[in-house]
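Novice: So you can see what is in the structure, the chains are spelled out below.
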Amino acid sequence: MLLNSVVIVLREVLEASVVLAALLACCRLRNQSIGWSKFAVVAGLGFAWLYGSSMYFISELAGGVGQELANAGFQLLAFTCLLLCVYKLASPPENEDVTETGLIGVMAIVLLVLVAREGAEIYIYIYGFSGSDKFLDDVIPGGIVGAAIGFSVGALLYYFLLSLSKRWALNIALLLLIVMSAGMIRQAVQMLIQADILSGSAPLWDTSVLLNEQSVLGQLHILCVIVLLHIFCKKALT
Amino acid sequence: MKNRATKFARLACAATLALGWVFPVSAAKPVFEIEIINHLFEPSTLHIPANTKVKIIIYNRDKTPEEFESYELNREKVIMGRRKAIVFVGPLSPGTYPFFGEFNPHTAQGEIVAEENNAVK
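Residue numbers (our numbering), protein chains in the order written: chain A, 1 to 238; chain B, 1 to 121.
Chain A on its own, in the form it takes in the complex:
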C-alpha cells in the first residue's frame, strides 16, 4: 500500500514537474523572469481542489463520460499551448530586455492545466482514502515521499539543463517538451476512445517486450531518462 501510494503520487507529480523544469530553464536561457510560475502553480492547486471536489458531478455528465471529456479537453488545451511555447521558444528572442508577455501567458496556462489535472487526481486518491485505517500509515507518508521524489527530479532536471551550454540546453529542453506534449495528446485520444467519441483500433506496434508499461521502470521511465541524461551527457554537452 505504501509503495502503491508512492508510485501513484510520483507519477502524477512527475509529469507536471518535468514540464515546469523545462519551461523554467528555457525562461532563464532567454533572460525572462520565472516569477509567473508561482502564481500558475498556486492557481493550478486551487483549480485542482475545485476539479477534484466536482468530480462526483462531472463524472455523471454526458451520459457517464463527463470525466473523459473534461480530461481530454484539459490535455488538448495543454498540448496546444505547449506547442505554441515550443514554437516561440525555438526562435531567439527579438529583444532580450523585453518581457515576452504572450509567451509567459501561454506557459502559465500549460502549468496551470497540468497542476490542476494532476492535483485533482492526487486529491481524489487522498480524499477517497481519508476515512480508511491505512490513511495515516500508508497513504499520507507514501504521498509525501512520492511528491518529494517528483519535485526532486524536476529540480535535478532544471539544474542539469542550466549546467549545459546554451545551445544544447535549449535543444534538450525543447525535445523534452515535445515528447511530453506527445504524451498529452496520447492521453487525450485515449480518453476520447474510452468515451466512444473516437474509434479505437489495434495498436500499430507493441514493444512492451523491451519496456513493459506495467513494470516500475516502465511507469517511471521519464525519471530514469533524466538520471541517465545527467550521468552520461553532462560531460559531453557542457
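What you were told as hints is all true, and nothing was included just to trick you.
Derived DEER-like restraints, expressed as beta-carbon distance ranges: (1) B/P30 with A/G35: 53 to 63 Å; (2) A/G131 with B/L11: 46 to 56 Å; (3) A/S53 with B/Y59: 13 to 23 Å.
Mimicking DSSO-like on lysine-lysine, the simulated pairs with C-alpha atoms at most 30 Å apart in a straight line are: (4) B/K55 with B/K29; (5) A/K134 with B/K84; (6) A/K88 with A/K166; (7) A/K134 with B/K63; (8) A/K38 with A/K88; (9) B/K55 with B/K84.
According to the in silico footprint, chain B covers these stretches of chain A (three or more CB under 8 Å from chain B): (10) 51-59; (11) 62-76; (12) 115-126; (13) 189-199.
In case anyone wonders, no lab produced these hints; they're calculated from the structure.
These figures come from a predicted structure and were not determined experimentally.
By construction, the Cβ of each residue, glycine as well, lies at the ideal position given by its N, Cα and C atoms.
Starting from the structure of chain A, add chain B where the hints point.
Specialist: Then chain B, alone, in the frame of chain A:
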C-alpha cells in the same frame, strides 16, 4: 446581406459535416455490469463477445473511489465512491484481458474474456 447569409449557410453545413465525422451514429452496444464490493470486482471474470464494441457499467459500491485500469485494454477510469462509471471496450480479438483496481491492486483484480461464440445479448 446575401453574402452574410450564404457565408453562414456554408459555415453551418461545414460544421454539421464536421460533427458528423466526430460523432458517428452508432448502433446499440451490448451492456455488461461489474460491481466493486469491498475492493473486489464482481464478477472477477467477465465474458464478452469478441470483435464487438461493448459498454461496461462499473458500479462502485464502496465508500472509497477506485481506479479501473488495464494496460491490455488501454483503459483507465476513476470511479468515485457509491457511483457508477461507463467504459467502452472493444472490439477485442478473442483472448483474455486482465484489469485491476489501481487504488487497491492486491485485491481488486479481474479479467475480461473475449469469446468468439459468445452470443450478443
